[in-house]
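Peer 1: These protein sequence lines map, in sequence, to chains H and D.
Note that our numbering gives residue 142 to position 93 of the first sequence, counting from 1, and the numbers run on in steps of one.
Note that our numbering gives residue 33 to position 23 of the second sequence, counting from 1, and the numbers run on in steps of one.
Hints are computed from structural coordinates only; laboratory data are not their basis.
Any given hint could be a false lead.
[As the list claims (entries may be wrong)] Heads up, simulated DSS-like pairs for lysine-lysine below, C-alpha to C-alpha not over 30 Å straight-line:
(1) D:K65 / H:K152
(2) D:K65 / H:K94
(3) D:K25 / H:K94
(4) H:K152 / D:K25
(5) D:K96 / H:K66
(6) H:K152 / H:K94
(7) D:K140 / D:K25
(8) D:K65 / D:K140
(9) D:K140 / H:K94
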Amino acid sequence: MSVMTSTPTVREVSVPKTWDTRMWQFMRWSGALLIPLAWGHILIKDVVIGVHDIDLEYVRREWATWYSFWRIYDAALLAFAFAHGMNGLRHIANDFIHNENAKRVVSWAILIAWFVISAIGATAIIGGVR
Amino acid sequence: MATLINTLWQGLWYKGGVGNWSYQFHRLAGLGTLLFLAIHIVDTAFVFFAPELYKHALEIYRHPLFMLGEIALVAGVLYHGMNGLKIIIFDFWPHLWNHRNEGRANILIYVATFLAWLPAAFIMGSNLYKYSILPLLGGK
Numbered sequence: 050m051s052v053m054t055s056t057p058t059v060r061e062v063s064v065p066k067t068w069d070t071r072m073w074q075f076m077r078w079s080g081a082l083l084i085p086l087a088w089g090h091i092l093i094k095d096v097v098i099g100v101h102d103i104d105l106e107y108v109r110r111e112w113a114t115w116y117s118f119w120r121i122y123d124a125a126l127l128a129f130a131f132a133h134g135m136n137g138l139r140h141i142a143n144d145f146i147h148n149e150n151a152k153r154v155v156s157w158a159i160l161i162a163w164f165v166i167s168a169i170g171a172t173a174i175i176g177g178v179r
Numbered sequence: 011m012a013t014l015i016n017t018l019w020q021g022l023w024y025k026g027g028v029g030n031w032s033y034q035f036h037r038l039a040g041l042g043t044l045l046f047l048a049i050h051i052v053d054t055a056f057v058f059f060a061p062e063l064y065k066h067a068l069e070i071y072r073h074p075l076f077m078l079g080e081i082a083l084v085a086g087v088l089y090h091g092m093n094g095l096k097i098i099i100f101d102f103w104p105h106l107w108n109h110r111n112e113g114r115a116n117i118l119i120y121v122a123t124f125l126a127w128l129p130a131a132f133i134m135g136s137n138l139y140k141y142s143i144l145p146l147l148g149g150k
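Extracted from the complex, chain H is given alone in its bound form:
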């Protein structure tokens, strides 16, 4: 097959800085950042500690120690993971929706859902355990 034998050619092309170009870049940078963030989170919470040893008191203590390091960690996770996921959802939706109006409606719905849920999470991180 020609695909396998041809020498790869790398072309330099100028890509216009549209919204989707920036989102493409965001998916790469946030993805790279999420490898330590998300893997660290599940390693600590799901594997090392486990859901049976997590309760209100655990969250209260964790968020209070180390100059709020874990609170900042959780805030970063909230900001990057959820935005990465919701933009991924938009990509998948756009692959299946071919009507421009429907695409716009779905994209806006995803943006609003991202904002509302992110705001709920951010409020709790800032407000802390009550």
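Knowing the structure of chain H, use the given hints to seat chain D on it.
Peer 2: Same frame as chain H, now just chain D:
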């Protein structure tokens, strides 16, 4: 209807083979993680908005079926991260991207995901046994 099926089908299968499977697993793992994440953000927010409901959310998390889901979730997050790293590497260093490397990377990612998941699944499985199965058997 035929158009809808066609659209759905073409969104899933573009070429076939291991690369096409990786593309589908990447999306499936991403969507699954997102679904859990959306729920997880809201239930964790209970610590501020409704602390007594947080206890209830934890009870759901401790349900054996949810713990099985947790083991699957870890596999998904590991796979999505490794496959995502492959996408980043090939996108930023396109001279590395050829048919052979792509195929080898995909196989490597399946093996590495399985190897990384195995000890995590064992530990989480032990917890599932200790908290959910052992009490049913009359143990402590």
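Peer 1: Indicate, hint by hint, whether the structure satisfies it.
Peer 2: Hints versus structure:
1. This hinted pair does not check out: D:K65 and H:K152 have alpha carbons roughly 39 Å apart, beyond 30 Å.
2. Our distance criterion of 30 Å between C-alpha atoms is met by D:K65 and H:K94, whose separation comes to about 16 Å.
3. Taken as a hint, the D:K25 and H:K94 pair is broken in the structure, with Cα atoms around 38 Å apart against an allowance of 30 Å.
4. Pair hint H:K152 plus D:K25 holds up; C-alpha atoms about 25 Å apart against a cutoff of 30 Å.
5. Only pairs whose Cα atoms come within 30 Å are accepted, and D:K96 paired with H:K66 is accepted, the gap being roughly 24 Å.
6. Taking the CA atoms of H:K152 and H:K94, the gap is about 37 Å. The hint is violated against a cut of 30 Å.
7. Of the supplied pair hints, the one linking D:K140 and D:K25 is violated, its CA atoms being roughly 45 Å apart against a limit of 30 Å.
8. For the proposed pair D:K65 and D:K140, the alpha carbon gap of about 20 Å is at most 30 Å, so the pair holds.
9. With a C-alpha separation of about 17 Å, the suggested pairing of D:K140 with H:K94 holds against the 30 Å cut-off.
Figure legend: structure checked against the earlier numbered hints; hints not met, in rising order: 1, 3, 6, 7.
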